[in-house]
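Engineer: Chain by chain, the residues run as shown.
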Amino acid sequence: MQQLENILFTAVMLLYLAAMLLYFFYVALKREGIAKLAVILQIVGLTLHTASLILRGIAAGRLPLTNQYEFASCFAWGLCLVSLIFQFRFRFPVLGALAAPVVFLIIGYAAMQSREIHALMPALQSSWLGIHVSTAIIAYGSFGVSFVLSLLFLLRGRVRSGSFWDSRIPDSEKLDMISYRSVCLGLLFLTFTIVTGAIWAERAWGSYWSWDPKETWSLVTWLIYAVYLHLRIRRGWRGKSAAILAAVGFICVIFTYIGVNTFLPGIHSYA
Amino acid sequence: MAKKIWKFLSSMRFAIILLLILAAACAGGSFIPQGQSFETYVSTYSERTAALILALRLDDVFHSWWFLLLGLFLCGNLLLCNLLRLKPLVARTRAMGQMPEGEEAGLQAETAQDPAPVFSAMGMRPKERSRNEVRVLYAVRNRAGIWGAWVCHLGILLLILGFGLGQMTHQEYTVYGVPGQRLPVGDTGLSLTIEDFQVALREDDTVEQYTAQVVLENPQGQVQRGTLSVNHPATLFGLRCYQNSTGWAARVRITEDGASLQDQVLCAGEGLRFQDKPELVLFFHAFYPDYVLIPGSGPATQSGKLNNPAYLYSLHYGEQMLGMNVLQNGEAITVDGYEVRFSEPQNYTLIQLKKDRFSWLALVGALVTLAGLVLAFYLQPARLWAEQTSEGWRLFAQSPKGGALFRERFQSAVQNLKEE
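Here the protein sequences come in this chain order: A and B. Residue 92 in the numbering used here sits at position 92 of the first sequence; the count goes up by one each step and never skips. Residue 132 in the numbering used here sits at position 132 of the second sequence; the count goes up by one each step and never skips.
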């Protein structure tokens, strides 16, 4: 079963790579048909990705959410899913052109991690694991989309009126609004992640908050996005400044996920 | 001046400054190792930096006076913000339920057709009213959404309050020992007996679960039993009891000329003072269940199984270390005429007992915060009304937080109606 999972994972990587390249061709050649094909490849990739995660879950006898490889794979899955939802919901494939490289980078990071299946340590044997980590995946995916939208917002300012891109990239106000919506979704799920994590930590470690680096950086991320939401209300802070802050927020997300595990070991060291 | 300060303390600008400082403080606290000695900071940084770290309490950021002060300011800001906004929010909620009297800012459109499909496309059900003998359709949705930020702030306030009060008043004790031992629980008068402790191992030697059977007895002689394992604490006499960690322990026997002088269980990391010669101290540093000496690396264990038990110990006389070595199970060392032996290796359990009277408040705060976020993000208040005119209908739409997406939806609904 693990062999089949490995084959599927490789296929997923190739599909995401192909989708990313097609999006690049779409950007270069400005042909709608190429964007449609890229979306189809992304959907096929996401379907196979789902299958590979299910297979891993069956092989491990638990949810595949406990180590760097599994979480990175799920992170890429969440980002791909949320970006597709936003692409369809707001009808603009250019989002995919920027989201696909981020998805490919994350799945590439997953490919570099050990794929060995280990039995769970006692602290991880909890029904809270599924809720806590799956909410984190949605949160991180949403923040990833807001990061991409923020980049798109910053690019939007350079698009000439009446050009090919002018009609394909939503106007700045709409981009800002969609980015705001994805931050809202992300912040709601991040809050859920922190709360469920605290409830679980109380049961497993005897303290619902112990200023562990992972907890602390989740809080830092939460605070940065809280600042983003407050600044948007203030006059003159919507648009470019908000887009930059959303990008900073996503850097915090990445640091919470990879940086903390690399530089700041704590009780979350297995994650 | 006082009014200016008051205004600033309750302002959003102050909230943003506080959030940014808190984020920076948290990030700093995660990078600087916490709770280390001056010497450790000197070895990691420089002497001047180490002095600065201690002076600014950066060695214990999350319990420092300035971090607590930031928390207090945040609570004050949230409280003031919520108090000041309460009345306007009540007024806004009431106003949303009433149809505007005159012209109001917002989106407008005109149509000759019946506007019912626009209401339906916007997810609203209009009520028919009459104003100055003019037929008006009015609909409002998600009025509760107005309260989102307020509820969220209230939740955060309760959360910080619950956490802070819990930190100030909580009782925490740790007890460790091996099965059969009866141990006092701090100054509570309670005593804890470890009846059993099992470490369940998988085939690959990894730990599946740690389980302890304990009995807690109060000064009146009443007892409560519990089974503790990781992720499954028990509550005994109002104290939450957690299976926190484990390690190795061994029986240490000190004899002199064959006569037993001391016989007790010692956990790895503990020291034992010789009763007859208090300057002489034995330290039990580590235990190797399947001992092997790796050249160039030192003592290690090949597995978790008790195939070749060995003990790393050191002996001290006053301030001076006499020696450090590894002793096999049952093997004796002689020092000053005393014979010391380690035997009967077994796992000890470390049990944490805790009482936090305010954790429920923090949980309520967290749930209220979540509810506030849902209200703020997903119940976007909006209202839509239509006035009948001689040519048809004039439509008005307002959504304080809807922005471009609300406008697009409204315009598209009107466009669809016109195209029908």
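Be careful, since some hints might not be right.
What the hints assert, rightly or not - Each pair of labels, with its calculated beta carbon distance range:
hint, chain 1, residue 1, chain 2, residue 2, range
1, A, Ser167, B, Glu110, 26 to 36 angstroms
2, B, Leu165, A, Thr10, 36 to 46 angstroms
3, A, Ser114, B, Leu165, 42 to 52 angstroms
Claimed, not checked - Listed below are the simulated EDC-like cross-link pairs for lysine to aspartate or glutamate, each with C-alpha atoms no more than 20 angstroms apart in a straight line:
hint, chain 1, residue 1, chain 2, residue 2
4, B, Lys354, A, Glu202
5, B, Lys355, B, Glu203
6, B, Lys305, B, Asp257
7, A, Lys214, B, Asp60
8, A, Lys240, A, Asp171
9, B, Lys305, B, Glu408
10, B, Lys355, A, Glu202
11, B, Lys127, B, Asp336
12, A, Lys174, B, Asp60
13, B, Lys354, B, Asp187
14, B, Lys305, B, Asp187
Everything labelled a hint here was simulated from the structure, so no lab data went into it. Note that beta-carbon positions come from the ideal geometry of N, C-alpha and C, so glycine has one too.
Engineer: Against this structure, judge whether each hint is valid.
Structural biologist: These are the hints, each one checked on the structure:
1. For the pair Ser167 (chain A) and Glu110 (chain B), the supplied restraint of 26 to 36 angstroms holds, since their beta-carbon distance comes to about 28 angstroms.
2. Between Leu165 (chain B) and Thr10 (chain A) the CB atoms are about 53 angstroms apart, so this pair departs from the stated range of 36 to 46 angstroms.
3. Between Ser114 (chain A) and Leu165 (chain B) the CB atoms are about 44 angstroms apart, so this pair conforms to the stated range of 42 to 52 angstroms.
4. With a C-alpha separation of about 11 angstroms, the suggested pair Lys354 (chain B) and Glu202 (chain A) falls inside the 20 angstroms cut-off, and the hint holds.
5. Proximity of Lys355 (chain B) to Glu203 (chain B) is assessed by CA-CA distance (about 37 angstroms); at most 20 angstroms being required, the pair is judged violated.
6. Using a Cα cut-off of 20 angstroms, the hinted pair Lys305 (chain B) and Asp257 (chain B) is violated, with the two alpha carbons roughly 34 angstroms apart.
7. With a C-alpha separation of about 17 angstroms, the suggested pairing of Lys214 (chain A) with Asp60 (chain B) holds against the 20 angstroms cut-off.
8. A threshold of 20 angstroms between alpha carbons decides the hint, and for Lys240 (chain A) with Asp171 (chain A) the separation of about 13 angstroms falls inside it, so the pair holds.
9. Between the alpha carbons of Lys305 (chain B) and Glu408 (chain B) the distance comes to roughly 69 angstroms, so the proposed pair goes past 20 angstroms and is violated.
10. With a C-alpha separation of about 12 angstroms, the suggested pairing of Lys355 (chain B) with Glu202 (chain A) holds against the 20 angstroms cut-off.
11. Proposed proximity of Lys127 (chain B) and Asp336 (chain B) is contradicted: the alpha carbons are some 99 angstroms apart, above 20 angstroms.
12. For the given pair, Lys174 (chain A) sits about 45 angstroms from Asp60 (chain B) by alpha-carbon distance, which is inconsistent with the 20 angstroms threshold.
13. Restraint check: the Cα-Cα separation between Lys354 (chain B) and Asp187 (chain B) comes to about 13 angstroms, which is no more than 20 angstroms; the hinted pair holds.
14. Distance hint between Lys305 (chain B) and Asp187 (chain B) is unfulfilled; the C-alpha atoms sit about 38 angstroms from each other, more than 20 angstroms.
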